[in-house]
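Since the structure of chain A is already known, use the hints to place chain B on it.
Heads up: the protein sequence lines correspond to chains A and B, in order. Residues in the first sequence are numbered from 1 upward in steps of one, following the working numbering. Residues in the second sequence are numbered from 1 upward in steps of one, following the working numbering.
In short, the hints are calculated from the structure, not lab data. Treat the hints with care, since some could be wrong.
[What the hints assert, rightly or not] Straight line, CA to CA, 20 angstroms or less: simulated DMTMM-like cross-link-like pairs of lysine to aspartate or glutamate: (1) K17(A) to D3(A); (2) K17(A) to E158(B); (3) K17(A) to E132(B); (4) K83(B) to E159(B); (5) K17(A) to E159(B); (6) K200(A) to D30(A); (7) K83(B) to E158(B); (8) K17(A) to E189(B); (9) K164(A) to D30(A); (10) K219(A) to D181(A); (11) K17(A) to E133(B); (12) K83(B) to E42(B); (13) K200(A) to E59(B); (14) K164(A) to E42(B); (15) K219(A) to E190(A); (16) K83(B) to E164(B); (17) K200(A) to E190(A); (18) K83(B) to D33(B); (19) K17(A) to E42(B); (20) K164(A) to E190(A).
[As the list claims (entries may be wrong)] One side of the interface only, derived from the structure: several residues of chain A facing chain B at Cβ under 8 angstroms: (21) A18; (22) L19; (23) I20; (24) A23; (25) H32; (26) Q33; (27) R35.
[Said to hold, decoys possible] Pulled from the structure, derived: some chain B residues nowhere near chain A, Cβ distances all over 12 angstroms: (28) R39; (29) A40; (30) Q77; (31) P81; (32) K83; (33) D145; (34) E146; (35) I171.
In this text, a Cβ means the ideal position worked out from N, Cα and C, and glycines have one as well.
Given next are the chains, with one letter for each unit.
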Amino acid sequence: MEDDFKRLSEVGSPEEKALIAAARAYQPPDLHQQRLFVALGVGVSGGLAAASVAGSAQATGLFAKLGATLSGLSAAGKVLVVVGVAAVGGTSAYAVKHELDSQRATPSVVVRPTIARNGQVSSGLPANLVPVAGLDVSPVSSTAVPSPAATQKIATPSPIPSFKDELGLIQAAQIKFQQGDPTATLALLERHQRMFAHPKLALEAQSLRIRALDAAGQKLAAQSEARAFVTRYPRSLLAQPLLTIAHFPKAQSTPSTGPAASPTPLKAPQ
Amino acid sequence: MIKSWPASDVPSGGRAAPENHEQALGQSVALNDQVRLRRAVEQHFGFVGRLLRHSGVFEDLDDALQQVFITLMAKLQHVQPGKERAFLAGCAVHIAARSRRARGVRSQRFESEFPELPQKGPDPEERMQSREELSQLDLVLLSMDESLRTVFLLFEVEEFTMAEIAESLAIAPGTVASRIRRAREIIQESLAHGR
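For reference, chain A alone in the conformation it holds in the complex (with noise of 0.2 angstroms):
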């Protein structure tokens, strides 16, 4: 409509346009984003994606390469050393085994491959970095002469995991339990309660976790807890898809907040 007449014949003091200005420069925090997308079970943040999916197809180089690897391994496993290396920014020339559940401070180590005498060139990991079990861990080239350039700074993941590997993690589970594997999910969760001693996501985690849980037949255990779950937070949304599982009698019925009740997520954990 003529360019909405002229967006209204425009004009406005700069007080007021540096009033727009101001509003339009907010931005909802980013740690808001990354929860909606775990509350809305939709999206997995950048490599970590693909890699998750069992380092699927479009994995290339260093991934494709360690998606053969990790055809042995489990599941759980897989994930766990997709995150490792995903912190890296996938330009190692290593991949590095990482105990994420051990949460013990790890300093970030500079490798500098070595020339022996002989020429062959050594990776000049530490011992204490122990490559993943049948990968190839030599520098990219063997034959080249080490250059200043060539010293590869190895960022060995941060000691804590973050609030992104907690997500990364929660997502797996998400995606293994939409993809029907139950049991791959409730590894993933457990491993989840392991490493996270004060998780930010620990309703989503319980919620999925029930949901798992009843989907592998452990009917009983997941109708308790389901029970519980929606005791304690009746408004929450993660309740919701836990009503059916509850499978609350008649005469009980859902513990209500009154008739304005509505659903409420909840806030994560501090």
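Same frame as chain A, now just chain B:
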């Protein structure tokens, strides 16, 4: 039993036909819908967050954002492709209004109360300025009637067309134009008083 989403929360773009959230959350979303939903989050997250925030949703922003997009998920089949933005705007307006009613507070905020603003940044002066601007913005916007504020935000900040606003809020295009003019007058008056 938890109620399904109130039908009144469905903006006109949403072709009504209420479904319930239990189903929406309990069932796994079909792959096409997942892609569509993800894209909607990627494209419209910022705009929905801004609209909620400038409509007075502060501490509950995270929750409100989830409610808006979960409503979209529940109604996705009834939202025409390409109309997601209008649908989300309508939802956000309803949810912001409900959030404010629930709090019962007509936000009086002070400079120190901006948890969403980064505490660290390259330039403290710049940070201070953006805090001041946001603070002033809140004062001006929240002193306005809700119906005017919403139209102003959609038109001036989010650059919706008048037809999009009319569709999102289920009002006549003429009403949109008059509300924009009225909102501008109020803002100019507020700014003049503040000088």
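These are the hints, each one checked on the structure:
| no. | hint | result |
| --- | --- | --- |
| 1 | K17(A) to D3(A) | holds (19 angstroms) |
| 2 | K17(A) to E158(B) | holds (14 angstroms) |
| 3 | K17(A) to E132(B) | holds (15 angstroms) |
| 4 | K83(B) to E159(B) | holds (15 angstroms) |
| 5 | K17(A) to E159(B) | holds (14 angstroms) |
| 6 | K200(A) to D30(A) | holds (15 angstroms) |
| 7 | K83(B) to E158(B) | holds (15 angstroms) |
| 8 | K17(A) to E189(B) | holds (14 angstroms) |
| 9 | K164(A) to D30(A) | holds (11 angstroms) |
| 10 | K219(A) to D181(A) | holds (16 angstroms) |
| 11 | K17(A) to E133(B) | holds (11 angstroms) |
| 12 | K83(B) to E42(B) | holds (15 angstroms) |
| 13 | K200(A) to E59(B) | holds (17 angstroms) |
| 14 | K164(A) to E42(B) | holds (17 angstroms) |
| 15 | K219(A) to E190(A) | holds (18 angstroms) |
| 16 | K83(B) to E164(B) | holds (9 angstroms) |
| 17 | K200(A) to E190(A) | holds (15 angstroms) |
| 18 | K83(B) to D33(B) | holds (14 angstroms) |
| 19 | K17(A) to E42(B) | violated (27 angstroms) |
| 20 | K164(A) to E190(A) | holds (17 angstroms) |
| 21 | A18 | holds (7 angstroms) |
| 22 | L19 | holds (6 angstroms) |
| 23 | I20 | holds (5 angstroms) |
| 24 | A23 | holds (4 angstroms) |
| 25 | H32 | holds (5 angstroms) |
| 26 | Q33 | holds (5 angstroms) |
| 27 | R35 | holds (6 angstroms) |
| 28 | R39 | violated (9 angstroms) |
| 29 | A40 | violated (9 angstroms) |
| 30 | Q77 | holds (15 angstroms) |
| 31 | P81 | holds (16 angstroms) |
| 32 | K83 | holds (18 angstroms) |
| 33 | D145 | holds (17 angstroms) |
| 34 | E146 | holds (16 angstroms) |
| 35 | I171 | holds (15 angstroms) |
The earlier numbered hints that this structure contradicts are 19, 28, 29.
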